[in-house]
Amino acid sequence: MKCYLTAAAVLLLGGNLLAQSLPAVPTKPKGPSADDLQKKLEDKLAQPFLKKAPWLTDFDKAKAEAKKSNKLLFVYFSRSYAY
Amino acid sequence: MFSEESFANWSKDYVIFAHITTRIKDQKNDDLLTKVGGPGFPHFVFMDAEGELLATHNGEWATADFTKTATLAKEGSAIKAKAAKGDAAAKIEWFCRQLDQGSISFAEANTKVKSIGKLSAAQQKQVDAALFNLEVNDLGNRVQSEEQAKEAGKKMTEWLKAKKVPTGGALDSFINFTLGYCKEEKDVEGFSLAIALVKEKYGSNEKAKPAIERLEKDLEAMKAEKK
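First to last, the sequence lines map onto chains A and B.
All letters in the first sequence, in the order written, are residues 1 to 83 by the working numbering.
All letters in the second sequence, in the order written, are residues 1 to 227 by the working numbering.
In short, the hints are calculated from the structure, not lab data.
Ideal placement from N, C-alpha and C gives every residue a C-beta, glycine not left out.
Hints should not be assumed to be uniformly reliable.
In the BS3-like style, the derived pairs of lysine-lysine whose C-alpha atoms are separated by at most 30 Å in a straight line are [unchecked claim]: (1) 40(A) x 28(B); (2) 12(B) x 61(A); (3) 161(B) x 112(B); (4) 35(B) x 68(A); (5) 63(A) x 25(B); (6) 163(B) x 217(B).
Far from chain A by the CB rule (all over 10 Å, computed), these chain B residues [claimed, not checked]: (7) 19; (8) 68; (9) 84; (10) 89; (11) 92; (12) 93; (13) 113; (14) 116; (15) 165; (16) 222; (17) 225.
Pulled out of the complex, with its shape left as it was, chain A reads as follows:
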């Protein structure tokens, strides 16, 4: 079955929404190898902004810190993979 991704994706882009929120028939991502993905993660973790404030990048450690300090978690979702 052809997925109507193209037309709907155009609509979503026209509506100023994120195209990646559109579910299509998922295909296995073609792209970086495991080593490449690991390198991309390392590059992401080396980004300067992570040193400008006390960012944690481990979820378990972040939860533990939130519990210890009685603070809320502010979570910024980003990605390191890219095709």
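Model the placement of chain B on the given structure of chain A, informed by the hints.
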């Protein structure tokens, strides 16, 4: 923004966690964005120390706006605490929050609703609508093959013809699947109804006009083929 001193100052009241989706096999918590109903990147939420979603940020990427969302998160935290102590009204309110946020799975929500207690008519309507949205998203998210996509499209087209239509983010998934299925199956009625949904949501957007015109041409071609 994150490099500015103002953010560093603001962040002192919170534990700031940068989650990075890596697509590395077996990477721990790599699917966290999906679990909190995030549609893409970047995405900002507030959680409690248990990792429970309290509020999703939908405003500007600025500390003043993050603070507003944090206030909602604190309210959510208080409701959750009351619900945990057995407060019936808080239980219902917390459940409704989880439904609205999409931070509860369809399966879990479907189970929980049976024991949540008596809902007012307005709450029942809200819960029914939210459950349906979850069901649509769940159906779409489980698609892993062309065959499953066809089944999902078929189910959603049945709902569409029964005038059962989701809202919010679930509507986009619904539109995509019904358009695809109806085009493939040359279902003129279903395709026409799906286009009506598209027009309702995007009709006022100039950028969407070429795509809508293309859909309408496809519909005319489908009708001509049927004659």
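Structure-based check of each hint:
no.	hint	in the structure
1	40(A) x 28(B)	holds, 16 Å
2	12(B) x 61(A)	holds, 17 Å
3	161(B) x 112(B)	holds, 29 Å
4	35(B) x 68(A)	holds, 24 Å
5	63(A) x 25(B)	holds, 23 Å
6	163(B) x 217(B)	holds, 24 Å
7	19	violated, 5 Å
8	68	holds, 13 Å
9	84	holds, 15 Å
10	89	holds, 23 Å
11	92	holds, 23 Å
12	93	holds, 19 Å
13	113	holds, 24 Å
14	116	holds, 25 Å
15	165	holds, 15 Å
16	222	holds, 13 Å
17	225	holds, 16 Å
The structure fails hint 7 only (numbered hints given earlier).
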